[in-house]
Amino acid sequence: MQLATVTGTVTATTKHAGFEGLKLLLTNVIDSDEQVLQSAVVAVDTCGAGVGDMVLIVNGSAARIAAPTSGVATDAAIVAIIDRVEVATST
Amino acid sequence: MQLATVTGTVTATTKHAGFEGLKLLLTNVIDSDEQVLQSAVVAVDTCGAGVGDMVLIVNGSAARIAAPTSGVATDAAIVAIIDRVEVATST
Amino acid sequence: MQLATVTGTVTATTKHAGFEGLKLLLTNVIDSDEQVLQSAVVAVDTCGAGVGDMVLIVNGSAARIAAPTSGVATDAAIVAIIDRVEVATST
Amino acid sequence: MQLATVTGTVTATTKHAGFEGLKLLLTNVIDSDEQVLQSAVVAVDTCGAGVGDMVLIVNGSAARIAAPTSGVATDAAIVAIIDRVEVATST
Amino acid sequence: MQLATVTGTVTATTKHAGFEGLKLLLTNVIDSDEQVLQSAVVAVDTCGAGVGDMVLIVNGSAARIAAPTSGVATDAAIVAIIDRVEVATST
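Quick note, the sequences are listed as chains D, Y, U, A and E, same order. Take the first sequence: its letter number 45 is residue 1356 in our numbering, and every next letter is one higher. Take the second sequence: its letter number 52 is residue 1363 in our numbering, and every next letter is one higher. Take the third sequence: its letter number 63 is residue 1374 in our numbering, and every next letter is one higher. Take the fourth sequence: its letter number 66 is residue 1377 in our numbering, and every next letter is one higher. Take the fifth sequence: its letter number 50 is residue 1361 in our numbering, and every next letter is one higher.
There's no promise every hint is true.
[Unchecked claim] Stretch by stretch, here's where chain Y covers chain A in the computed footprint (C-beta under 8 Å, at least three residues):
no.	segment
1	1353-1359
2	1364-1375
3	1381-1388
No lab work stands behind these hints: they were computed from the structure. We put the CB at the ideal spot given by N, CA and C, even for glycine.
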């Protein structure tokens, strides 16, 4: 799983039927210092997340366990809104 | 999921039977500023997408949920044609 | 699978129900010289691991075989606490 | 899916039983200008491909849909021999 | 699939039950010139491989088809010991 910041929204009229009613959020994967590791990951929201939230993202088939409907053809989902990241060592 | 631009088409006569009748599109994965993040991703179209469209791509087993036929041996599919990407913060 | 060092913890109140009661650990993927190869991977602990431990991480659907509950929407899990890495050749 | 060029062959006597009788090809993942994006991907051939062919490669569980036998422990397969890549825009 | 060289071993007392009795090998993913492409991949051995062998590695769910026991929470396995890589063109 990866830490990410929600940076925007994606709108699509023509889409696979399973996406109807779901919110597609644009995110940047970040590290614990909020440095961007990967940009422009689009994830289905399952937590009521919004722009500016730090969230937890899952990829692959895990995204379909978290999604509100199981038949959604997604490979990324937001599964948690993060309250706090505590780093004990900087390694 | 990833934002992508459709840049071309791929034609193959000799192919796994499941691909018969499907459209194979060449795409570039992009960020919200349309900078190319990954080039030459070939995806099965499920939305009637064409060259120049900005689309949403899924990878892995998700691609077979979206595909018109479920037995297709693909690991990438276009699941939406994007109308609008709204970026609220530049992070 | 990948070697990793546990560097911290992640706390989330709003999350997919399957994560209740599970410990989310922040890790850095490392090589055998403890050089960081990938930072900020969040994994579900299944071994009683803690900060400072060198652990073995699995990604993808493997993470749900290891997890205490099979319905957890995770794509990363700690499946072992490493005692010793023996490198015979430096290649 | 990815474009690739077949560059060689891989031979193994000691192998998982499922690979008996299958052809293992060495490939380089390329873009539409035939620049190498990733080298040394080994894929099971399902199309009668040979050295020098431009092919379409799938990764992950998709590779086992395409493989002649479904119990093969592979994560990469050649699913098509490409006739033509048409690039409409250079993006 | 990827070419790899076995460089060492990994020992863990505390581990997911499925790993009992399995050999965990440290490997470097290489190309056909034995240049290292990715270091520190830990894979379950299914072929009797040892340090110094050139092997074939699979990732993801394929690793659980090859593993001696199907309930192992691994995402990487050694599925063949390579005798010979023949490169016909240097691309």
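Hints, verified against the model:
1. 1353-1359: holds (count 3)
2. 1364-1375: holds (count 7)
3. 1381-1388: violated (count 1)
Of the numbered hints stated above, the single one contradicted by the structure is hint 3.
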